[in-house]
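Undergrad: Here the protein sequences come in this chain order: A and B.
Here the first sequence is numbered in UniProt numbering, starting from 1 and rising by one per residue.
Here the second sequence is numbered in UniProt numbering, starting from 1 and rising by one per residue.
Read the hints as simulated data drawn from the structure, not as lab findings.
We put the beta carbon where it would ideally sit given N, CA and C, even for glycine.
Mixed in with the good hints there might be a few duds.
[To be verified] Listed below are several chain A residues computed to face chain B (Cβ distance under 8 angstroms; list not exhaustive):
(1) Tyr43
(2) Leu213
(3) Gly264
(4) Leu400
(5) Gly460
(6) Asp462
(7) Gln555
(8) His598
(9) Gly701
(10) Asn729
(11) Phe732
(12) Ile746
[To be verified] FRET-style restraints, in silico, Cβ to Cβ:
(13) Asp136(B) - Thr317(A): 45 to 51 angstroms
(14) Arg130(A) - Gly69(B): 26 to 32 angstroms
(15) His167(A) - Ser135(B): 56 to 62 angstroms
(16) Gly20(B) - Gly226(A): 36 to 42 angstroms
(17) Glu50(A) - Gly168(B): 53 to 59 angstroms
(18) Asp426(A) - Gly168(B): 34 to 40 angstroms
(19) Gln84(B) - Glu50(A): 30 to 36 angstroms
(20) Ser135(B) - Pro696(A): 23 to 29 angstroms
(21) Gly69(B) - Asp124(A): 50 to 56 angstroms
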Amino acid sequence: MADATRLPTTITQVSQGTAAKGGIGESTLRPDGTLKVTGEFAYASDLWHEDMLWGCTLRSPYAHAEIRSVDVSEALRIPGVRSVMTHDDLPAATHYGLEIQDQPVLAKDRVRYHGEAVAIVAADHPETARRAAAKIRVDYAELPPVYDEESATREGAPLLHPGRDDHHSGHVAHPNILHRQPIVRGDVAAAKAEADVVVRNDYEVGMQDQAFLGPESGLAVPAEDGGVDLYIATQWLHVDRDQLAPVLGLPAEKVRLTLSGVGGAFGAREDLSMQAHACLLAMATGRPVKIVYNRYESFFGHVHRHPAKLTYEHGATRDGKLLYAKCRIVLDGGAYASSSPAVVGNAASLGIGPYEVDNVEVEALALYTNNPPCGAMRGFGAVQACFAYEAQMDALAEALDMDPVELRQRNAMSQGSVLPTGQEVDAPAPVAEILRRVKERPMPPQRQWESSPSEGAGTGVDVRALPGGLSNTTHGEGVVRGVGYAVGIKNVGFSEGFDDYSTARVRVEVVGGEAVALVHTAMAEVGQGGVTVHAQIARTELGVSRVTIHPADTQVGSAGSTSASRQTYMTGGAVKKACESVREKVLRLGREKFAGGHPAWTEGAELRFEDGKIVTAGGEAVAALADVLEDEAVEDEVVFRHRPTEPFDLETGQGFGHVQYSFAAHRAVVEVDVELGLVKVVELACAQDVGKALNPLATVGQIQGGTTQGLGLAVMEEILVDPDGKVRNPSFTDYLIPTILDTPAIPVDVLELADEHAPYGLRGVGEAPTLSSTPAVVAAIRNATGLALRRVPVRPEHLTGTGTGADA
Amino acid sequence: MRVTFTVNGRRHEADDVWEGESLLYVLRERMGLPGSKNACEQGECGSCTVRLDGESVCACLVAAGQVEGREVVTVEGLADLARQRGETPAEGAADAGLSPVQKAFVDAGAVQCGFCTPGLLVAADELIEHNASPSDADIREALSGNLCRCTGYETILDAVRLAAARTGQPAGAGAPDAGPDAGTSQGGAI
Ligand code: FES
Ligand code: FES
């Protein structure tokens with residue numbers, strides 16, 4: 001593509017230290033770090049083609065309406081407009097979806113949520129495209145919306161998708177229930193009769209947004225062979241391609257995707273956003289088309305975290321042994337399926353938390369409504385449950401007059417424990433230990449906002465360390481400290497029998513006299529540091545210093561999604577396996593070449609790759625890697641799979657459903673201005689078992705980032721949706737995420753207890769800290785205020801009792 | 001309309017600019033300087049932060065016409081700006097020429113997706129220019145207009161502390177250490 005610029009390039013990294021080899025276990029720096037600090041790194045919104053047009057999307061202003069007519073004639077007459085498309089102009093398949101193809105590429109006859117795409121425009125300036133979109137006349141007739149469980153399942157409720165025939169439709173009680181997963185184990189009724197204490201409560205979790213900073217964007221370029229090249233910020237190139245090809249009416253091999261720079265993801269890029277629209281406009285106009293959402297559109301352009309209503313009941317003996325647990329979790333999936341069924345599976349199977357409970361009844365379900373579609377977000381169904389079961393633990397501890405950490409430790413699962421699904425946890429599960437570690441940490445000093453008296457006549461007050469901050473609302477009056485704890489369990493990798501695999505191609509060859517490795521995968525680097533880890537693995541396995549990372553694209557096999565905390569495990573595992581295969585091939589070459597040379601070649605002795613050499617187990621060099629290779633390149637592409645899982649039984653929920661579990665615990669320390677209802681989180685300490693930290697710096701970065709997103713859900717983040725389905729706050733002015741002033745110190749304690757089933761013993765890291773952070777913060781606020789606080793995010797009016805809360 | 005102003009020490013001119021175009025749009029789409037980022041275009045995230053006649057501003061909130069005849073520094077110009085102040089650029093194959101703040105962000109692990117990074121770098125650079133040894137509270141206050149969704153800010157604080165410490169060091173005195181020495185380069189397509 002001669003006229004295109006700011007396309008992804010290869011990135012080469014050399015380890016330069018003498019002691020540091022840049023292998024696994026070291027905190028090597030990001031290979032793309034230099035490009036990112038100079039501003040040269042090419043993000044998807046930076047893509048450029050000399051000849052490109054700009055695309056724009058017209059979206060529905062209503063959550064539920066009939067489309068009576070669409071008139072594009074005025075839009076088409078605007079100078080500079082090259083194409084306008086509606087549902088009627090689609091060339092092939094009209095619907096797409098991750099699991100169920102229920103989402104129209106452009107709405108036909110009916111819109112089901114506020115912000116649904118209705119028409120698309122390509123023009124030679126983005127403002128021209130926007131003005132043209134505004135000139136499209138759509139005649140809507142509003143329909144009554146479905147917005148919660150009652151309105152979705154009552155008699156005569158409008159059906160979101162009449163005539164469903166997807167694989168969940170057969171086992172749900174109502175067509176507006178997308179999927180339902182029960183879990184039944186033991187005998188709850190009998191256990192209840194034995195219980196000394198019973199605690200039952202309702203909880204609610206608001207709709208959270210991923211709020212990545214790099215907006216949805218990409219560039220579609222029509223190719224000479226009739227296909228299309230798409231440069232795109234996504235989480236899973238191959239699944240985008242598999243959804244796009246039928247919509248474009250092209251064979252998969254003519255839809256070529258290359259990952260462009262991704263500004264964060266957190267689940268929001270698992271579903272298609274502008275991919276199909278840009279490709280369709282490119283094919284219609286024969287010109288490259290770029291689409292970039294602004295922040296307002298981004299709030300409508302991707303799925304969100306499911307809001308949830310949860311009911312929990314726990315029964316225990318007087319000394320705090322959990323006898324049974326019951327829960328019902330209702331997730332609002334919104335208008336289209338997205339990944340809701342898998343979110344239901346997670347909510348159900350992880351719904352009781354990291355505790356040993358023999359008698360369990362769980363019911364989790366997702367609704368179809370006219371609210372915004374919900375799907376993947378970091379924590380994926382486990383976040384909502386963790387908020388509720390951890391609040392229950394605190395409520396139970398209070399009822400028992402017991403220390404909340406001790407109650408948790410008394411019931412904590414450990415290696416060998418059996419989950420409510422019947423699955424045995426067959427790797428370390430240090431739940432009691434991570435709780436102990438956060439609890440034993442020294443407390444931040446009391447009245448931490450006061451500077452020492454020595455600095456002046458009296459004690460100084462730094463308002464930045466107080467609730468209200470620079471608004472200067474208190475100097476310590478009415479401020480009460482609270483401390484809270486929480487722990488959570490998250491699965492790693494794709495579950496329930498999904499064939500989860502990743503692919504890596506690795507090559508070694510001599511460049512400039514030095515053996516170098518090239519790593520090519522389709523893994524989406526979204527900021528998590530996968531590219532850093534791939535270079536480390538190649539160094540450790542192949543003993544090289546210089547590693548080149550090829551841009552991720554569909555010219556190599558699928559890597560699966562950058563989600564479910566799975567990429568280091570899966571694509572890391574694939575890179576490791578490819579390196580092992582390359583190593584074998586190199587050794588075969590060496591044996592052929594040096595048969596009469598060093599005896600180690602013929603003895604079948606173990607040979608290792610180190611510092612550009614092949615060495616014996618004792619460290620004696622037998623050949624330079626470059627001398628074995630000479631002008632030959634040794635390459636292999638391999639597929640790596642984790643051990644198989646199986647679906648949960650649809651009635652009992654039993655099954656070996658998950659491949660690995662990940663555990664994190666938090667202690668939150670907060671100061672609350674109880675008069676104004678303002679909260680300052682002072683410290684949010686985390687302890688997490690990561691199995692093996694391949695890159696400690698990046699591991700801690702993941703934990704701190706996940707912790708902060710959990711803090712956001714606890715006290716500020718919520719997409720507000722009116723009962724008529726309209727989104728009220730689609731902007732960073734009104735949807736707040738934590739700033740550096742809202743975020744406390746986050747000390748992290750990393751445990752490394754190897755999981756023998758995983759490459760290097762590692763455990764997926766990214767999601768677990770997002771779970772326990774939220775309930776720990778809310779527990780601390782409860783501790784300071786004595787309020788029940790059954791809903792997140794907690795708002796000032798919940799603390800002062802001055803508002804209705806839920807909708808403010 | 002035509003707009004002419006100085007970016008990173010060089011005179012730039014843009015023709016056919018619409019009245020509504022922001023400085024951010026003109027930098028990114030008309031002047032070939034996409035380093036300043038477009039995370040919100042609502043003045044809320046700071047990813048588009050640039051210096052306008054020395055002051056940090058959100059480029060998305062400044063109309064291009066307002067910049068006529070003025071001086072802009074973007075992330076692409078931070079290394080030159082540091083050199084003009086007499087700071088020692090980083091040495092080494094990969095990060096040659098990085099300003100102390102840029103280098104510190106790489107070394108401290110303050111970059112994940114990096115979309116917030118250009119704006120944070122410009123803001124942090126201005127902070128250290130005015131306050132050679134900022135306290136943590138000063139850093140938090142100065143960077144409170146810059147959102148980061150990935151890091152939880154801890155490594156960003158580390159980076160600014162590190163940059164301040166290194167900038168305060170006379171040239172030649174061994175810089176405070178952070179992390180291993182690894183170098184990077186961008187190669188051609190394979
Ligand atoms: S893009 Fe300018 S403040 Fe967000
Ligand atoms: S590193 Fe991704 S937003 Fe800051």
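Undergrad: Broken hints, numbered, in rising order?
TA: 4, 5, 7, 8, 10, 17, 18, 21
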